[in-house]
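**Student:** Start from chain A and add chain D according to the hints.
These protein sequence lines are chains A and D, in that order. My numbering numbers the first residue of the first sequence as 409 and each following residue consecutively. My numbering numbers the first residue of the second sequence as 3 and each following residue consecutively.
Hints may contain errors.
Between beta-carbon pairs, the in silico distance windows are [unchecked claim]:
| no. | chain 1 | residue 1 | chain 2 | residue 2 | range |
| --- | --- | --- | --- | --- | --- |
| 1 | A | Phe584 | D | Leu102 | 33 to 39 Å |
| 2 | D | Arg235 | A | Ala650 | 51 to 57 Å |
| 3 | D | Leu227 | A | Arg518 | 25 to 31 Å |
| 4 | A | Arg547 | D | Gly246 | 26 to 32 Å |
| 5 | A | Pro668 | D | Thr93 | 41 to 47 Å |
| 6 | A | Asp475 | D | Leu191 | 23 to 29 Å |
| 7 | D | Leu121 | A | Gly627 | 28 to 34 Å |
| 8 | A | Gln546 | D | Phe283 | 21 to 27 Å |
If you want the footprint, here are the derived chain D segments under chain A, 3+ residues with CB under 8 Å [to be verified]:
| no. | segment |
| --- | --- |
| 9 | 172-180 |
| 10 | 228-242 |
Partial pick of chain D residues on the chain A-facing surface, computed with a CB cut under 8 Å [as the list claims (entries may be wrong)]:
| no. | residue |
| --- | --- |
| 11 | Leu39 |
| 12 | Leu44 |
| 13 | Leu168 |
| 14 | Ala183 |
| 15 | Ala184 |
| 16 | Gly186 |
| 17 | Val187 |
| 18 | Asn188 |
| 19 | Arg256 |
Everything labelled a hint here was simulated from the structure, so no lab data went into it. Cβ atoms here follow ideal geometry from the backbone N, Cα and C, with glycine treated the same way.
What follows is the residue order along each chain.
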Amino acid sequence: MVLNEPRLRIEDLSYGYPGNVVGRHVSFSVGVGEVLCLLGRNGEGKSTLFKTILGLLPPRAGVVRVDGGLTTGWSVRRRALTFGYVPQTGGGAFPFTVAELVLMGRTAHRGPFSAPSIADRRAADEAIATLGIGHLAQREWLRVSGGERQLALVARALAQEPRILVLDEPTASLDFGNQVRVLEAIRSLAESRGLTVLLSTHHPEQAFACADRVAVLAGGELLEIGPPVEVITSDTLRRCYAVEVAVLPVANDRHRVCVPRSYLS
Amino acid sequence: MSAPAEAVVLRIRLPRVFAATAVGAALASSGAAYQSLFRNPLVSPDILGVSAGAAFGAVVGIFLSLPVLAIEVAAFVGGIAAVTIVYGIATAIRGRDAALILVLAGVVIGALFGAGVGLLKYLADPCNQLPAITFWLLGSLAAANLRDLTSLLPAVAIGLMLLALLRWRIDVMTLGDEEAAALGVNTRLLRVVVIAAATLMTSAAVAASGIIGWVGLVVPHLARLLIGAAFTRLLPVSVLFGAGYLLAVDTVARTLGTVELPLGVLTAVIGTPVFLWLLAFSRRAAWS
Chain A
409 MVLNEPRLRI EDLSYGYPGN VVGRHVSFSV GVGEVLCLLG RNGEGKSTLF
459 KTILGLLPPR AGVVRVDGGL TTGWSVRRRA LTFGYVPQTG GGAFPFTVAE
509 LVLMGRTAHR GPFSAPSIAD RRAADEAIAT LGIGHLAQRE WLRVSGGERQ
559 LALVARALAQ EPRILVLDEP TASLDFGNQV RVLEAIRSLA ESRGLTVLLS
609 THHPEQAFAC ADRVAVLAGG ELLEIGPPVE VITSDTLRRC YAVEVAVLPV
659 ANDRHRVCVP RSYLS
Chain D
3 MSAPAEAVVL RIRLPRVFAA TAVGAALASS GAAYQSLFRN PLVSPDILGV
53 SAGAAFGAVV GIFLSLPVLA IEVAAFVGGI AAVTIVYGIA TAIRGRDAAL
103 ILVLAGVVIG ALFGAGVGLL KYLADPCNQL PAITFWLLGS LAAANLRDLT
153 SLLPAVAIGL MLLALLRWRI DVMTLGDEEA AALGVNTRLL RVVVIAAATL
203 MTSAAVAASG IIGWVGLVVP HLARLLIGAA FTRLLPVSVL FGAGYLLAVD
253 TVARTLGTVE LPLGVLTAVI GTPVFLWLLA FSRRAAWS
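Next comes chain A alone, as it looks inside the complex (with noise of 0.2 Å):
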């Protein structure tokens, strides 16, 4: 590891697939223990953009670097102990329990042959037990909610025990506890883990909860990027989504309230 490089750091990146390009030019780095929260609005390919990073979609062009290294290459095994992904919609529509599903996190940690060891049914047990789904383990997968669901799937990303976890709008289809539940997991991650987070989301105000910093993605490029409270602003968001809306401030100084002015009037 190069000292004082960051964990994460994307350079010039470009992507989409062959011939629909739908970002250019897009850097940024993110630091071991931090989260970044990705903005934009649909179709502005934060999806595409997080799967180039994984690696699950070749870059049209510029690189991504993990603790200084060029990940051009790499297999599919080494991005897989480095990357923890949570898909948007994902755990396919095979019977399996939770357990089963958070499980399969473990794969890259164990040989094409091997069956999960001890430590790999420790590590999924405990990824289940961070996210207080122990009472889903034994559940079927396809009978539990939506957003127990999100919960397994994050919990099977922390059983990869990654460095880097990338989430695709985790907290989509969640209740209101649950989202905050999820957000407050993310961050103590982040915090007590060092674990470097890369997440998105259509809720502004999620960025303040958990984010170190934010990035916006406007027009395939990126329109702003630093902490919370400097980028979240009316001007942003109008730029970003093209609503008016009123960024108010609460008790303390690290949180605001996002409210589109036509609910104000």
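**Tutor:** Coordinates of chain D only, in the frame set by chain A:
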């Protein structure tokens, strides 16, 4: 033991019992593997066109009067060709319902290979080749002998061993390629190995006993309903159910009437209503 009894038990009944269990195990476990790999509980060796492809290969072998081993190789080549074309079509046509396209592609390609079989039957020598082909195509273990076993058993053993070794990875493949890759699975390589293993078993089964449908669809489906999706449990249960089921059905086929019933006909008669029941039931289980 008297000499005739010894001949009946050791040379006629025993090989047939072994063949029935091996074919049943092969079809059920390859069905389970295809279902996990294609993320579709409705596929099976027959629906994917593998059986028809393998049958076409084998019929070509019979038509050319090739030795038994060459017939088995031809069956394997036919089976691999069929599953490759079917999967290629399903990948090329990115429609809304990938599962439906996969099944339809299998039906279409299966029909094409079926037409090839029809042509060869038309061209075959009506005195000795045609009855052999026809009888064999209906699915039967009546002609199973020790020589068949020497090529059937190793192929099934190799296929089962590969699936057993890869059982944990096969589970991950049910999540889809992107998610499996994010978890560290080399999806392309794994897919090739698992398809090769399952197709090897199907082809060996088809070469030994003709087309015996429904076992590869119904048995793993039923097994999954009973013990869940994890391949660690699904594989052994499919092997046991498949072997036991085909052994029982073959015994019925052999003893029910004064003439022996074709095995493939009997499995279809049993499999159709069971499958329809499963279709209705698993819709309620919300995962078809």
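**Student:** It remains to establish, for every hint, whether it holds in the given structure.
**Tutor:** These are the hints, each one checked on the structure:
no. : hint                              : result
1   : A/Phe584 <-> D/Leu102: 33 to 39 Å : 37 Å, holds
2   : D/Arg235 <-> A/Ala650: 51 to 57 Å : 52 Å, holds
3   : D/Leu227 <-> A/Arg518: 25 to 31 Å : 29 Å, holds
4   : A/Arg547 <-> D/Gly246: 26 to 32 Å : 31 Å, holds
5   : A/Pro668 <-> D/Thr93: 41 to 47 Å  : 44 Å, holds
6   : A/Asp475 <-> D/Leu191: 23 to 29 Å : 28 Å, holds
7   : D/Leu121 <-> A/Gly627: 28 to 34 Å : 59 Å, violated
8   : A/Gln546 <-> D/Phe283: 21 to 27 Å : 22 Å, holds
9   : 172-180                           : holds (count 6)
10  : 228-242                           : holds (count 4)
11  : Leu39                             : 11 Å, violated
12  : Leu44                             : 12 Å, violated
13  : Leu168                            : 7 Å, holds
14  : Ala183                            : 5 Å, holds
15  : Ala184                            : 4 Å, holds
16  : Gly186                            : 3 Å, holds
17  : Val187                            : 6 Å, holds
18  : Asn188                            : 5 Å, holds
19  : Arg256                            : 37 Å, violated
In summary, the structure is inconsistent with hints 7, 11, 12 and 19 from the numbered list given earlier, while agreeing with the others.
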